[in-house]
Amino acid sequence: MSQQVAVPESTREPILARTWRQPGGFWGWFQNVHHTAIGVRFMVTAFIFFLLGGVLAAIMRWQLATPEHGVIGPDLYNQIFTVHGSTMIFLFAVPMMFQGFGVYLVPLICGTRNIAFPRLNAFSYYVYLVGGLLLWAGLLLRTGADAGWFAYVPLSGPEFTPGKRSDFWAQMITFTEVSALGVAVSIATTILRYRAPGMTLNRMPLILWEKLVISMAVIFAMPAVMVVSYMLLMDRTINTQFFNPAVGGDVLLYQHLFWFFGHPEVYIIFLPGTAIASTVIPVFCRRHIFGYVPIVTSVVATGILGFGVWVHHMFATGLPQMSESFFTAATLMIVIPTAVQFYCWMATIWHGRLQLMLPMLWMFGFFFVFLIGGLSGVMLASVPLNWQVHDTFFVVAHFHYVLIGGALFPMFAGLYFWIPKITGRMMNTLLGKVHFWLFFAGFNITFFTMHFLGLRGMPRRVYTYGPEMHWEGLNLLASSGVLLMATGVIVFIVNFFHSKSRGRLAGPNPWGAGSLEWAVSSPPPAYNFLELPTVNGREPLWDALPNQPVVTGLRDDIPEVLVTNSLDSEPQHRDELPPASIWPFLAAIAVSVAFIWSIFSPWGVAYGAIPVAATLLGWLWPRGHSPSPRVPEEV
Amino acid sequence: MKQAGERPVLDVSGLPSVAFGRSNTSWLGNVFYMLIEGTMFALLFASYFYLRTRSSSWPPFQSPPYAVYGIANALLFAFSLIPARLAQRVAPSGDRQKIRLALLGLGAFAVANLVLRGFELTSLNCRWYENAYGSILWSLVGLHTGHLITELVETMSLAGVSFTRSMEGTRLADVAINSDYWYFVVVTAFLMDVIVYGTTRFL
Ligand code: HEM
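Residue numbers (our numbering), protein chains in the order written: chain W, 1 to 635; chain U, 636 to 838.
Note that these hints are calculated values from the structure, not bench results.
From the three backbone atoms N, C-alpha and C, an ideal C-beta is built for every residue, glycine too.
Among the hints, a few may not be true.
What the hints assert, rightly or not - Cβ pair distances, simulated, as ranges:
hint	chain 1	residue 1	chain 2	residue 2	range
1	U	747	W	602	24 to 32 Å
2	U	716	W	602	28 to 36 Å
3	U	760	W	25	56 to 64 Å
4	U	648	W	22	19 to 27 Å
5	W	603	U	836	31 to 39 Å
6	W	602	U	834	21 to 29 Å
7	W	246	U	781	24 to 32 Å
8	W	28	U	799	42 to 50 Å
9	U	716	W	74	55 to 63 Å
10	W	62	U	762	43 to 51 Å
11	W	62	U	825	56 to 64 Å
12	U	818	W	487	57 to 65 Å
Here chain W stands alone, though its shape is the one from the complex (with noise of 0.2 Å):
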C-alpha cells in the first residue's frame, strides 16, 4: 500500500544539500532558520520546563506528604504553585504541543522544504526561551510571582505585591505570547500556500486542520493576555490605574481580558492532543480514519466555541463563578466536538486492524485519564457539590486529569511515534511500556487520591494542614504517586538517550504511516524533499498512484519552495526563502533587553526601542544580490 515519493538516485542532490545547509558551529546554533533544527529547540526545551515545573510538583507534594511537615514555607509554597502553573501552561503545554510539534511537523507533512517566514519562526524560539529564563530567575532570586498562575488583580496590583513579582510574570507572559503568535503566523502560513500540489482542502490531513484552526485561536487570543498583561505592568510601573476603583479602574477589567485569552487557551492545549489522536489512531489500526468530516467539523467547532464559552459566561454567569469552575466550564463546552471525536476514534479502531504498539499505548491512556476528567468535570458542574468542593483540591485533581490527560498522554504518544523521525532510531519497546506503566499507575495514585482530598475539605493552595484534620494518609499517598511518574520519566529519558546512539535504524517509514513526513528519510535531510510531492488522497503515500508524479523546475542553487493556492493548492509561483542568519537571534536579544527594562523603568521601552529597530533593519536588509536579479517581465 505505501509507496516511496521520492526517487532515490539523483545528481542534484549535492547540490540542494548545500543550498539548503544550516551553518555549523557555536555561532551557526544561532543561525540556524530551518524549521526541524527550530522544531526540536522548541520540544527540549519545553521539555525540559516540564521537568522543572515537575520537580516543583514534587517539592510539593513532599511538603504536603505530612501534617505540618517543614519543607518549605508558605511564601516559597505560594511562589512554587504560581510557577509551577504558570510554567506548565505558558513555558511547556503550548510551546510543546503547538510549536514543538507544529513548527517540526507542518512543513513535512505539507510536502515542503522549509517553514514559511523562517527567520520570525527562529526569532519566536529565543524570546520563548528568554520569557522561560525569565520567570524561573525570579524564583531562584526568590523573588518568585506568587499570585497564581492567573495572577488577579488586585492581589497581583502595586497595592498587594510590591516588589517585582508580579512583573516577571507578566513579562514572561508577553514574551510567550509574542513567540506563539510569530509560530501561528508561520504555521497558518505554511499551511495555506506550502501545501504540495493535489493537497487540496478536502485532503488536508486532520494535523494540518488542527494547526490551521489553533493558530487562528492564537491569532484572536493571545493579543488579549498581551493587552492585559501590560495593563498590570503599567499599573505597577508607571502608575496608570487601570484596575484601581477609587479613580475609575476596575478588577472585573482584569479578569474579562483575562478569560478573552484562558479560554481559548485550554482548546489550544487540548487541540493538539486530539490532533495527534487523529494522526496516531490510523496508522496503528491500519485504516484511513472513520469521519473524516465530521472530525474536521468538530475541530472547527471546538476552536469558534474556546470564544463563544467566554461570550456565554461575560453574559449568563457572570464572573465570579467562572474562575472557580474554569476549567469545568471549558471542558463541558466541548463536550459534543469531543464526544464526536471520540466516536470517530473508536469507530476506526473497531473496524481497523489494532497494532498496540507504544504510542498507540499511550493513546488508550489519553482515552482513560481523560474520560475521568470529563466525569469529575460533569460532577463539578452540579452546583451543590461544587459548593462542597470549590477550591478544595478536587478541582487540582480534575484540571490535572483534564490536562494530563489531554495534553501529557498524546504528547507521550506523539513523541513514540516521531522521535525515530526526528533521531533516525526506534525506541525501546520494553522501555517504553515500564514507562508508560509507571507513570499510568503514579498519575492516578497521586490525583486520584485528590479527589477524596478535596471531598474531605482539603483546600487548594494551602501549604501545610494539621494533624486533627486527618488528611496525612491520603496525601501520603497522593504524594507516593510523584515518585512512580518521575521514575517512569527518568526511564524515559534513559530510553531515549539509548536509542539515539544505539536504537535500532528506523528507515523513513518503520509505521507504514501514511503522511508525507514518512516520505523523507529519518532523519529527514537538510532540503527535506528531494523532489517536492504531489498528493492524490487523504493519507498521501497508501493513496499515491504507482506512478505519482512529482514536482520539477525548481530552481536547486538558491532556496526556493512551491507556493500553491489555499483551497486546491494548485501551484502558483516559486518562492524563494531567506539564507541562515544572525539577526533573528540578535532582534531577540534586543526584544528581551526592552521587555526586562521596561520592568524596572518605563525608559526601558523608549531606549530599548533603538537597538531593536536596529536589529529589524539588520534582519530586513537584503544581503547581496539574488544570484540571478529577477526581472519585472518575469514579474
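Let chain W serve as the given structure and place chain U with the ligand on it in line with the hints.
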C-alpha cells in the same frame, strides 16, 4: 505534465518567481499581523467603553482632549493615502526611481504625522496616572504611535533599499505590502480619533 524517465512530472519552472497581491506569502503574513494588532486595538476600544461604564461623568471631571491637532493629523493621514497608493501602483513595474519617490513621500508624511502626534499628546488634557480614563486614553494613543513609528522605520528602510540594486523581486512585493500596512495604520488612526476626540465629547 510531461514525461521524464518513467515518472510523470509536474514542471513548475515556468511559474513566476515573484507574486503580487493575495498569493504572496508575505501578503498573507501581513494580514495575520493586522488581525493580531487589530484585535489588540479592538480590545483596547472595548476596555475603553467598559471603563466608561464605571464612571458617572466622562471624561471624569475634566475637559476632553483639545481636538485641533487631532483633526489636522486626521487630514494628514487622509492625504498620506496618496503616496501609499502610488507606491503600491508603481511597485510591480520595478521602476526604482518612481518607487523611491513614492516611498520618500510616504516617509515624509509619516514624519509629519509623528510630529503632529507629539502635539496631540500635549493636548489630551489628562495624565495617564490620574485615573483609569487617562490610562486608557494614553494607552490607545500610545499603541497607535507605536504602530506609526514601526511603519516609519519600515518605509524608510524600504526607501533605503530602493537606492540599491536589491530593490527587485520580492522587495517589490514588499513595497506593495508596506502600503497595505499603512492603510491599516490610517484606518486605526481614524477609529482612534473617533474615540479620543469624539466619544469624550458626545458620550
Ligand atoms: C506531573 C505531575 C504533576 C504533579 C505531581 C502536579 C501537582 C500539582 C500540585 C500539588 C499543585 C498545587 C496544588 C495547590 O496547593 O493548590 C498543582 C497546581 C497546578 N498544576 Fe500541577 N502537577 C503536575 C503536572 C501538571 C501539568 C502537566 C500541568 C499542565 C499542563 C499542571 C498544571 C497545574 C496548574 C495550572 C496548577 C494551578 C496553579 C495555581 O494554583 O495557580 N500540572 N499541581
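Within 43 to 51 Å or not, the Cβ separation of residue 62(W) and residue 762(U)? Check passed, 50 Å falls within 43 to 51 Å.
Taking the Cβ atom of residue 28(W) and the Cβ atom of residue 799(U), is their distance within the range 42 to 50 Å? violated, 28 Å
Consistency of beta-carbon spacing, residue 825(U) to residue 62(W), with hint 56 to 64 Å: This hint holds: roughly 59 Å between Cβ atoms.
Residue 716(U) and residue 602(W), beta-carbon distance inside 28 to 36 Å? holds, 33 Å
Range agreement (Cβ of residue 602(W) with Cβ of residue 747(U), hint 24 to 32 Å): holds, 26 Å
Residue 246(W) and residue 781(U), beta-carbon distance inside 24 to 32 Å? Once the Cβ atoms are compared, 29 Å apart, the range 24 to 32 Å for residue 781(U) and residue 246(W) holds.
Given the hint of 31 to 39 Å, is the C-beta distance from residue 603(W) to residue 836(U) inside that range or not? holds, 33 Å
Cβ-Cβ distance between residue 648(U) and residue 22(W): within 19 to 27 Å? The hinted range 19 to 27 Å holds for residue 648(U) and residue 22(W), with Cβ atoms some 26 Å apart.
Could one say that the CB atoms of residue 818(U) and residue 487(W) fall in the range 57 to 65 Å? holds, 59 Å
For the pair residue 760(U) and residue 25(W), does the Cβ-Cβ distance stay inside 56 to 64 Å? holds, 58 Å
At the C-beta level, are residue 716(U) and residue 74(W) separated by a distance inside 55 to 63 Å? holds, 60 Å
With respect to the beta-carbon atoms only, verify the hint that residue 602(W) and residue 834(U) lie 21 to 29 Å apart. Between residue 602(W) and residue 834(U), where Cβ atoms are some 27 Å apart, the hint holds.
Consistency with the previously given hints fails for number 8 only.
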